[in-house]
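So the protein lines, in turn, are chains A and B. Per my numbering, the first sequence starts with residue 1, numbered consecutively. Per my numbering, the second sequence starts with residue 1001, numbered consecutively.
None of these hints come from the bench; they were simulated from the model. Treat the numbers as computed from the prediction; the structure is a model and nothing was measured. A virtual CB, placed ideally from N, CA and C, is assigned to each residue, including glycine. Keep in mind that the hints are not guaranteed to be accurate.
Okay, the calculated bits of chain B under chain A, using three or more residues with CB under 8 Å as the criterion [stated by the list, open to error]:
#1 1060 to 1071
#2 1082 to 1089
#3 1113 to 1121
#4 1134 to 1148
If you anchor each label on the Cβ, the simulated ranges turn out as follows [what the hints assert, rightly or not]:
#5 B:I1180 to A:D229: 18 to 24 Å
#6 B:E1128 to A:I387: 40 to 46 Å
#7 B:V1020 to A:I383: 30 to 36 Å
#8 A:I387 to B:K1238: 54 to 60 Å
#9 B:N1021 to A:D229: 30 to 36 Å
#10 B:V1020 to A:I378: 58 to 64 Å
#11 A:I387 to B:V1010: 23 to 29 Å
Covered by chain B, per the in silico footprint, the following chain A stretches (three or more residues, Cβ under 8 Å) [unchecked claim]:
#12 3 to 11
#13 118 to 124
#14 169 to 182
#15 225 to 233
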Amino acid sequence: MLKSLLLVARKELRRVFTDKRLVITSFLLPMISIAIIYSLMGIMIGRAEEDIKSHITRLSGINVPLVIQEIIRSDQTIDLSTQNMSTSEAEKALLEGEIDYYIEFDEDFDLKIVDFQSGDIPIIKGLYSPKHDYSIQANYKINALMESYRHITLANRLGDEAYIQVYEMESGEINIPQENRGIDRGFASMIPLLVSIFIFAGAMGIGIDSIAGEKERGTMASMLITPIDRALIIGGKILSLSVVALISMSSSFMGVLISIPFSARIFSSTGSFEFSQLAMSSGDLGLFLISMIGLVGMYVSVIAVLSMIANSVKEAGAYITPAYMLVMISGFMNMFGSSDSSRIFQYIPIYNNLISMNKILSGDGSITLSLISLLTSIGVTLIMLFIARSLIEKEKIVFPS
Amino acid sequence: MIEVKGLRKVFQLSRKQMKVNNTEEKYKVAVDGIDFIVYDNEIFGLLGPNGAGKTTTLRCMSTLIVPSGGTISVNGHDCVKDPLEVRSQLAFLTSELKLDTHFTPDYTTRFFGKLHNMDNNKIETRMEYLFDYFGVTPFRYTKIGDLSTGMKQKLSIVVSLIHDPGVIIFDEPTNGLDIITAKAVTDYLLELKAQGKTIILSTHMMHVAEKLCDRIGIIMDGKIKAIGTLDEILYMVKEKNLEDAFFKLYHQGNRGELDA
Chain A
1 MLKSLLLVAR
11 KELRRVFTDK
21 RLVITSFLLP
31 MISIAIIYSL
41 MGIMIGRAEE
51 DIKSHITRLS
61 GINVPLVIQE
71 IIRSDQTIDL
81 STQNMSTSEA
91 EKALLEGEID
101 YYIEFDEDFD
111 LKIVDFQSGD
121 IPIIKGLYSP
131 KHDYSIQANY
141 KINALMESYR
151 HITLANRLGD
161 EAYIQVYEME
171 SGEINIPQEN
181 RGIDRGFASM
191 IPLLVSIFIF
201 AGAMGIGIDS
211 IAGEKERGTM
221 ASMLITPIDR
231 ALIIGGKILS
241 LSVVALISMS
251 SSFMGVLISI
261 PFSARIFSST
271 GSFEFSQLAM
281 SSGDLGLFLI
291 SMIGLVGMYV
301 SVIAVLSMIA
311 NSVKEAGAYI
321 TPAYMLVMIS
331 GFMNMFGSSD
341 SSRIFQYIPI
351 YNNLISMNKI
361 LSGDGSITLS
371 LISLLTSIGV
381 TLIMLFIARS
391 LIEKEKIVFP
401 S
Chain B
1001 MIEVKGLRKV
1011 FQLSRKQMKV
1021 NNTEEKYKVA
1031 VDGIDFIVYD
1041 NEIFGLLGPN
1051 GAGKTTTLRC
1061 MSTLIVPSGG
1071 TISVNGHDCV
1081 KDPLEVRSQL
1091 AFLTSELKLD
1101 THFTPDYTTR
1111 FFGKLHNMDN
1121 NKIETRMEYL
1131 FDYFGVTPFR
1141 YTKIGDLSTG
1151 MKQKLSIVVS
1161 LIHDPGVIIF
1171 DEPTNGLDII
1181 TAKAVTDYLL
1191 ELKAQGKTII
1201 LSTHMMHVAE
1211 KLCDRIGIIM
1221 DGKIKAIGTL
1231 DEILYMVKEK
1241 NLEDAFFKLY
1251 HQGNRGELDA
């Protein structure tokens, strides 16, 4: 029985790994394209950030008091122009990106500041364009400068700068034990999503061809007239597909690792990253692999069942796409959610694997959660295998015409 | 020996199939209680127009589909109760069963030999013999996708016969073949008969049936209309050749439908 299972699995693997085009499109291209795309994203985002930082803010100011002009001009990254401009002209200039910020003070601003006890508070009108990054950045800069002006003014009014210092805040990080440190938080939330998507995507293309494609081409029926239990035929295909999914996932993940020198600013919560930060204890690695293998089993068996039901490769693609979307949704929920491991979520297949992976990478791995996710994965996989087994015996499925 | 008793196969039609067939009937009787026996050392021809039930009958015999009624016994093994044993004893060749074009004849034949639980030595011996007979040897390491139609068909025959089965079911084995390749196939069928095999041949080619078949069954609308040796059928239908006999039965069937 095992011999027949391995015979079919070996044939399927041979089909994949002796086809140069399939190897290139399924394993090499994803790795290369992921490495290039993530690197480019990292480089481009870095350049954009750098460009915004180094940009000289073009500020147009009306009735700017001298003391404020001094504060603004002390900032080398702001170019203040005091040329007269109406509000509507300023709005147009902001929209067209000719200026980054417009600020207008009351004509008697200084007087009102001095005569503050009269209760007539001076107005400062600021305008920026949320459409332009330079303008958004200018808004932060001007607000920060005006805040410093407010501090100076308050200190003058109270007669001593010390009066406005209400408290001194000392905040520090607690000492986290080595075993609970985990890897970079950004990577910890991103890796389960990537692993999950890479496994499904890797198994999807080849799985559809291996089952729906073979049905459509009539090559599966050739095996069905041999004296081998049909469960072993579908079992061999699922086994080989699991191997393919793991290799494909590793290849795609390798692409992510290659891109890290450039893409760390996207993935890492601190903006920088070293490979040593990915180091895990052998126990954590074991728990992580358990969750990952659970995903492989579920994804591959779901793909097998949907490919069995489909009458053609095209139809299989249509059936599997919604499943792929669910995989992505669960990945994003885990990435952007709070990794809720409350009782109900612990028992939702796929999602619990992702939570478990996230927690392991964050240094909070739990053997209980890993075991629950493993058991639910085995449960789902066995149900899918049972369905696949019964489908291959159905003549409507094997010979739909 | 193959023994078919009261074989019946009913398909449930999907809405799409009902629309395509322009019918409101949910069920289609493809084979309607047929009986026949094919003996060892015999070539039995199954003739019939498209949709008569030939392929369904052959699929039931090869265990690809399960009969709705009746029984089929292959060398004493029931097709429903003992499908693995039946599959190990028969070869089924039909245009619907294809070989993966990515692999070579050498690999494909070995793979199917292993699926039939043959050891490497047996596979090697059998493969050399069949490859030489059908002229596959020069192409044994060529991808199947690169082979000519005739060579692909020869390879399909080789693969179906690798385990030296006692029962051979060939559905239109010479379809699409040139005259030389077709001759090689029909000659081999005669050789298999000489080896004492039980052979069922489904064909549209009357001259092939006349030349090769010891007995012939003519199936129409899921029922056997005539069965016997060529002479017996010609005598029964009162015609001089098989083609005329076939058309006479076909028109009788159609008239019967109209009369009804």
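Notebook entry, point to check: Looking back at the hints listed earlier, which ones does the structure fail to meet?
Noted result: 4, 5, 10, 13 and 14
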